[in-house]
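Listed below, chain by chain, are the residues.
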Amino acid sequence: MNAEHTSLLSLRVSVDYANQQGVLQDVCLELKRGEILGLVGQSGSGKSTIALSILRLLHMKKGVARGLINFSGRNLLDLSEREMRSLRGKEIGLVLQSPLSSLNPVLSIGKQLREAWRIHAEGDSKLCSDVIAQTLSSVALPHDKDFLRRRVSQISVGQAQRVLIAMAVLHHPSLLIADEPTSALDVVTQTEILDLFRKLNQKLGIAILYISHDLLSVGAICDRIAVLVAGKIVEELPVTQELRTTSCAYLQQLSGFIRTP
Amino acid sequence: MKVARAIAVAVLLVVSLCALFAGKLSSPDYAFQYREVPDAAPSSAHLLGTDDLGRDRLSRTLYGTRISLSLAPIAALISISLASLIGGLAGFLGGWPERITMAVTDLFLCLPWLFLLLIARSLLPLNAAPLTSVLITFLTLGLLGWAAAARVICTEAREFRTSDILLQARATGQHGWRLLTMQFVPRLRPVLFAQFLISIPVFILSEANLGILGMGVAEPLPSWGSSLRELESFSSFSGEWWKLVPFTLLVLVVVSFQVLLSREEISL
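As you go down the protein sequences, you meet chains D and Y in turn.
Here this note's numbering is used: the first residue of the first sequence is 13, the next is one more, and so on.
Here this note's numbering is used: the first residue of the second sequence is 365, the next is one more, and so on.
Note that these hints are calculated values from the structure, not bench results.
Nothing here was measured: the structure is a model prediction, and the numbers come from that model.
Among the hints, a few may not be true.
[What the hints assert, rightly or not] To give an idea of the chain D side of the interface with chain Y (calculated C-beta under 10 Å), a few residues:
#, residue
1, 76
2, 78
3, 82
4, 97
[As the list claims (entries may be wrong)] Every beta carbon over 12 Å from chain Y, so not counted as near; a handful from chain D, in silico:
#, residue
5, 40
6, 123
7, 145
8, 168
9, 233
10, 244
[To be verified] Some but not every residue of chain Y turned toward chain D, in silico, with C-beta under 7 Å:
#, residue
11, 388
12, 489
13, 528
14, 546
Even glycine gets a Cβ: it sits at the ideal position worked out from N, Cα and C.
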C-alpha cells in the first residue's frame, strides 16, 4: 500500500467536561497521511474539543476523553505524559485562532521560536538559527535579526499567524491541527494563509486537520469534510471539483447538514 | 509629565547620594552628644542645629535617611516575594487552594493595616538592641504587607493558567519549570516591579508611623520616624524651621515615588 494512503489518525472518542456531559459523543474521524480534512460545525459543537483531545491537553479545560485515538499506530490515550510531551510540537503541531493572544506579548518572536525548537532538538545554536530562518522563509516571513527581535505587538495579525504556523511546523510534524486559523484575519490575509496551508501540505506532506466554521475556506483547501453537530459527526463527504465550482449549491447542502438538529 | 518624572528621579538620586555619603557631609557620629550646645539653632558647626541631647541634627537626618531608604526596599522585597509565592501558587493551582488563599488574603486586607502593624510590633520586644529593632521593624512590615500584592499576582497567574499562550506553549511540548520561567516570569516582571515600587513609600510611611509612637527603630539609631517624634506639638517647632527638615525630606521622597509610579502604571 502506498504511504500516502495509510491512515495517520483514526479516533473514536467521547468527551465530558466537568460542568457539561456529552460534549463529544462517540465521534469517529479518520485522517490519511498527507490529507487535508475539514471539520466544520457551529460554535459550541465541540470542534476545538477534538483538537485538544488529540493533543491530550483537554485537562487544561477540565475535560476528560474516553475511547481511542490512534496516531501512527499508537493509542494516544494510553501514552504516558512524558511520551505525549515528546509528540506535542514534534509529531503534532497546533495553530490556534488568535495569534495575538497565543504568542507571548513580552517575548521576542525569535526567542519564542528558539524555545519551541530546543524542546525537541539538541542545542546547536547555529543549526537552530538556520532552521528558524528556513521555516520563516517557507511561511513567507522575513528572517533578519530585526524581525526576530520584534514582539507580537510590533507585527501585523497576518504576520503573527504566520509566526504561529512557523512555530507549529518547525519540526515538520506529520499532523497539523489548525483550529479556526483564519477567523481573526481579513479576507485577503485569509486567502494568503489558506494558500500557505496548501503549500505546506504539498511540499512537506503534512496532514492537516482544518477546523473552521467558514465553509468557503474549508471548501477551498480540504480533500474531505466532516460535519460536526452538537458533539456528533452527522456527515462526511469528499470535496470534488464539481462541489468547488458550484459552491453555492454546495454551501446550501452543507448548511442544511449543520441545521439538522 | 516628563519634567515631573525627571524631577522625581533627581530628588531620589540626590537624597540617596546624600544618605550614602552621610559621613562626609556631616559629623560621622550621629549619636555623639555636644553637651555644651543642646537644642541649638543652625550654625556653621551644626548646619541644622542640635537636638535636646546635643546631637547633630543634619547627621541624624542623613543617617536616618540611610536607614529608612535602604530598609524600605528590603521590606518591599520580602513582601513581594511572599506575595509572589502565595498569589502565584494560588493562581496556578486554582480550585479550592485558590479560594481558600484568596479568602485569607481578603481577611488580611480587611484588617486595618496600621492597627495590625501596631499590634504585631508591640507583641515583639521593644527593648531590643537598636540594630535588632531595625530588623524587627522592617521584617514586620515585610511580613504583613503581602496581601494586596498577592491578590494582583494571583489574578495574573490565573489569567496565564487559562490563556491561549499557555495552551500554545504546551502544544509545542514545553512543560514544567522551564515553561514557567520562560513564559510566565517575564510576563509577570512589570507587575512585580510596579508592586515593588508601590510598597516602598507605604513602608517608609509605616515606619514613620511606628517611629512617632516610639515603636520603630530604637534610640540611638536615627530614622525618619524617630526624627518626626519631636513634632508632636505645634509649639515645639513654631519658628524653628530646621526641625521640619526630616519631615520635608520624607514628603519629598514619598511624592517622588508616587510620580514615578503613575508613569510606571501608564506604561503597563
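We went through each hint and held it up to the structure:
1. 76: Violated: closest Cβ of chain Y sits about 16 Å from residue 76 (chain D), beyond 10 Å.
2. 78: 21 Å, violated
3. 82: Residue 82 (chain D) check fails; min Cβ-Cβ to chain Y is 20 Å, beyond 10 Å.
4. 97: 5 Å, holds
5. 40: 23 Å, holds
6. 123: 8 Å, violated
7. 145: 18 Å, holds
8. 168: 18 Å, holds
9. 233: 21 Å, holds
10. 244: 25 Å, holds
11. 388: 42 Å, violated
12. 489: Violated - the Cβ of residue 489 (chain Y) stays beyond 7 Å from chain D, reaching only about 45 Å at its closest.
13. 528: 4 Å, holds
14. 546: Holds, because the Cβ-Cβ distance from residue 546 (chain Y) to chain D comes to roughly 6 Å (cut-off 7 Å).
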